[in-house]
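Visitor: What follows is each chain in one-letter form.
There are 2 protein chains.
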Amino acid sequence: MARPAEAPTAWPEGGDGPLYVRIARRIEREIRTGVLRPGDRAPSVRSLSRALGVSMTTVLEAYYRLEDRGYLEARPRSGFFACSPRAQALAEPACSSAEPSPSAVATGRLTIEVLRSLTDPGMVPLGAASAAPDLLPARKLNRIVREVLRELPDHSSRYTFPPGAEDLRRQIARRSYAYGCTFSPDEVVITTGAMEALNLCLRAVARPGDLVAIETPTYFGIIQAIESLGMRALEIPAHPGTGIDLGLLERALSKHAVKACVVMTTCHNPLGSVMSNERKRALVELLGQHAVPLVEDDIFGDLVFDGRRPKAAKAFDRKAQVLLCSSFSKTLAPGFRVGWVQPGRYRAEVERLKYLTTLASASLPQLAVARFLESGGYDRHLRRLRIALADQVQKATDAIARYFPRGTRVTRPMGGYLLWAELPPPVDAIGLYRRAMAERISILPGPVFSATGTFRRHIRLSCGYPWSEEMERAFRTLGRLAVSRA
Amino acid sequence: MARPAEAPTAWPEGGDGPLYVRIARRIEREIRTGVLRPGDRAPSVRSLSRALGVSMTTVLEAYYRLEDRGYLEARPRSGFFACSPRAQALAEPACSSAEPSPSAVATGRLTIEVLRSLTDPGMVPLGAASAAPDLLPARKLNRIVREVLRELPDHSSRYTFPPGAEDLRRQIARRSYAYGCTFSPDEVVITTGAMEALNLCLRAVARPGDLVAIETPTYFGIIQAIESLGMRALEIPAHPGTGIDLGLLERALSKHAVKACVVMTTCHNPLGSVMSNERKRALVELLGQHAVPLVEDDIFGDLVFDGRRPKAAKAFDRKAQVLLCSSFSKTLAPGFRVGWVQPGRYRAEVERLKYLTTLASASLPQLAVARFLESGGYDRHLRRLRIALADQVQKATDAIARYFPRGTRVTRPMGGYLLWAELPPPVDAIGLYRRAMAERISILPGPVFSATGTFRRHIRLSCGYPWSEEMERAFRTLGRLAVSRA
Chain A
0 MARPAEAPTA
10 WPEGGDGPLY
20 VRIARRIERE
30 IRTGVLRPGD
40 RAPSVRSLSR
50 ALGVSMTTVL
60 EAYYRLEDRG
70 YLEARPRSGF
80 FACSPRAQAL
90 AEPACSSAEP
100 SPSAVATGRL
110 TIEVLRSLTD
120 PGMVPLGAAS
130 AAPDLLPARK
140 LNRIVREVLR
150 ELPDHSSRYT
160 FPPGAEDLRR
170 QIARRSYAYG
180 CTFSPDEVVI
190 TTGAMEALNL
200 CLRAVARPGD
210 LVAIETPTYF
220 GIIQAIESLG
230 MRALEIPAHP
240 GTGIDLGLLE
250 RALSKHAVKA
260 CVVMTTCHNP
270 LGSVMSNERK
280 RALVELLGQH
290 AVPLVEDDIF
300 GDLVFDGRRP
310 KAAKAFDRKA
320 QVLLCSSFSK
330 TLAPGFRVGW
340 VQPGRYRAEV
350 ERLKYLTTLA
360 SASLPQLAVA
370 RFLESGGYDR
380 HLRRLRIALA
390 DQVQKATDAI
400 ARYFPRGTRV
410 TRPMGGYLLW
420 AELPPPVDAI
430 GLYRRAMAER
440 ISILPGPVFS
450 ATGTFRRHIR
460 LSCGYPWSEE
470 MERAFRTLGR
480 LAVSRA
Chain B
0 MARPAEAPTA
10 WPEGGDGPLY
20 VRIARRIERE
30 IRTGVLRPGD
40 RAPSVRSLSR
50 ALGVSMTTVL
60 EAYYRLEDRG
70 YLEARPRSGF
80 FACSPRAQAL
90 AEPACSSAEP
100 SPSAVATGRL
110 TIEVLRSLTD
120 PGMVPLGAAS
130 AAPDLLPARK
140 LNRIVREVLR
150 ELPDHSSRYT
160 FPPGAEDLRR
170 QIARRSYAYG
180 CTFSPDEVVI
190 TTGAMEALNL
200 CLRAVARPGD
210 LVAIETPTYF
220 GIIQAIESLG
230 MRALEIPAHP
240 GTGIDLGLLE
250 RALSKHAVKA
260 CVVMTTCHNP
270 LGSVMSNERK
280 RALVELLGQH
290 AVPLVEDDIF
300 GDLVFDGRRP
310 KAAKAFDRKA
320 QVLLCSSFSK
330 TLAPGFRVGW
340 VQPGRYRAEV
350 ERLKYLTTLA
360 SASLPQLAVA
370 RFLESGGYDR
380 HLRRLRIALA
390 DQVQKATDAI
400 ARYFPRGTRV
410 TRPMGGYLLW
420 AELPPPVDAI
430 GLYRRAMAER
440 ISILPGPVFS
450 ATGTFRRHIR
460 LSCGYPWSEE
470 MERAFRTLGR
480 LAVSRA
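For the record, the sequence lines run as chains A and B. Its first residue numbered 0, the first sequence is counted upward by one per residue in numbering that gives the first Met the number 0. Its first residue numbered 0, the second sequence is counted upward by one per residue in numbering that gives the first Met the number 0.
Here chain A stands alone, though its shape is the one from the complex (with noise of 0.2 Å):
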């Protein structure tokens, strides 16, 4: 199949921050991504500041920058080389190759055990994917809150009727540009939260019996939606690096009668990974050639670390055949369960769904949501985020580093705030998990992120947290726990 070669785009362009962050971070990612590799040298100050056009002391601060975060040194008279920081060292997990078979969903019980458990407070969270609190912007979203009281006053005396609030709508389509899309008002529905879209769009695509392709590892609520709608999953693995294996899938679409495929584009949950543009295109062109709908997951896609909002595979959908979910829940407000989806080709089914499973969605929380992104205060927002819970994420590695066991992998997220970690035998996850429960520490275990309750050695650790003593000693508690089986 035909993969045109992306337009290159200049950097140190795009993105947040200073200059000289951004620079950095560009370095940073040719080092995470093996482009520079450990002991290459480092473009010289003066060639770097002539290539980009910039000062040299803007270049020198950004490598001072990576100097103090373990990716480069100096080595006297030599100028700068690449090097791997403490956290760097981690591998990452490894990746299944194994021929994908359909399965029944084997980890419900387990899967529930460990939802009830999330909601049990003064615990070190790190179970939930949910930011703090305190980085959510909940003060100016009370603010708005209060306009709307004003001006529609009777906001809660009526319905607000599928597809859901116009104004919500509007905005929605407007941000849609930033993706690579151009949706109009008219193609989004409001949904209660992603979960609502995702099942809307699994109904509107698929029946009971019929086979769903997902990744593996995958988001337990995917797995368990498609359990509980009676339909089979076909787990198809999933990369750290590059995301779902598209040779994988490829074979299996061959050979299975795949009724719909549901990725996690975008800061993949957990494994944080970001398809590259070309592999978004390919895998809607070969979910097309199969005449296979895409159920796109982009709930943590506005989150990725170097502040260039990646297109969604929606971007590349020629046949309408893509289905894009997202939500405000990781970005703004979990308590408002505000989620949309453009539900291509599928939208007046998806409409109906809604109507006969929620009937419409809080009006309250769609009309603040509208007025925060028209404000214009969500880029804003969303910068300070991105760069707190890249902060976080890299404090929460490099403590792994410190105290997890020698042969632990960890994954290098490309954004959002989950971290995958594979630990070396004999650990067992879910008795890591119950362990770390007892004290007082929420992780998830590796098996509720696969239908077939594989991944017995992984466990995703939520970074949404600023980092504090508290969490020094969670890490340090998990590392010794993960050392015993008992």
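Keep in mind that the hints were calculated from the coordinates and are not lab data. Check before you lean on any hint, since a few could be wrong.
List of simulated lysine to aspartate or glutamate pairs, EDC-like, C-alpha gap at most 16 Å [what the hints assert, rightly or not]: (1) A:K139 x B:D153; (2) B:K394 x B:E471; (3) B:K139 x A:D153; (4) A:K254 x A:E226; (5) B:K394 x B:E469.
Since chain A is already given, all that's left is putting chain B on it; use the hints.
Guide: Showing chain B alone in chain A's frame:
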């Protein structure tokens, strides 16, 4: 099966409003239910005043009120006699007694057309089952929302995971005594409206392909939810006066493998019927004998006109096999989408499905409703609302008597705000619905209230809005349109 007699409740105790209004309402009910027939002499003013221990003036006030409303007539020197006001002269719609047989749902497309039309602004609002915004306590709710913003400023920054906000579950449990139950807060699961509650219940007790017994007519949302879940409907006739036909249900249960039964026991939509306690008890016992769970939809239950909150069928549930669904959408705030379910023995499964379909419901509306209930304002509000709705229903009934063709039958709802009218041939309800739409009048055609598209001469009229010149014109227009078939 045993049906113990109800303990007689001394009247005019219970109910809302001044004493004379309560007396009048009770006499009115005796006339409506045929205890007092047209031409019967009403108790003498003196004897009633003695029997009730109230002044003769109070009884006279009640009788004058009934005279004003056409239920009594004073005959010189003979006292007061029951008579049929014009509206009373309309017969109730007939009830089928055909043998139930399973059916696939055939009304999906029409229902969606109709649902979409409900969102059209600027129509005379006889379609959607919504009370007029002016009848709902939006101002007080807004005051409470502001309180929540002050006291829990980070409400938006956290998920309120299932089973939902504890304060709200406590208030719902506290009120459950009113319909004969004694819930604990832990037994209640908060949902995104009663529609989600119904869906979760159906999915908790039945699988795709399973047979679900429903009433006919019944709320179209129930029919469509069953269809969308791949289940089949078994329609049991429901009577405008007494609710579901227990004899036919019993036969259906013996003959078919019914997996669940959905009944609107109190203030049926569209019939307005309230099943008696005896019939509710018999329903629960009958289903219990067949081990068939009852999904009880009580969404209009707080709106019985005479102010005496009837027991829920759930009150007779000794096997924890009744799943009681309700919401605050019809009484307080449709825009809040706060519903709930007490799922009996299916609690764990309902909670699991809630996680997997919408993950959580919005926090702010839950917190606001909890505080509203705590403030004690709910009962006061319900009292006013019921009086207004009873008046609106009466005025609409009168207008039907004035303007609709001879032979029109209409229900005499005991609560809620819905009228179900059967028009004489050759009317076609779907044609009438479309012609009414063209005249900017929103009504619902009968066929959407049946899985098989029957009720082709029926329409549902929602009386949620105060009477007005515009309403008067709309009913006149409907009466005119109902005569022609074109």
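Visitor: Broken hints, numbered, in rising order?
Guide: The structure breaks only hint 4.
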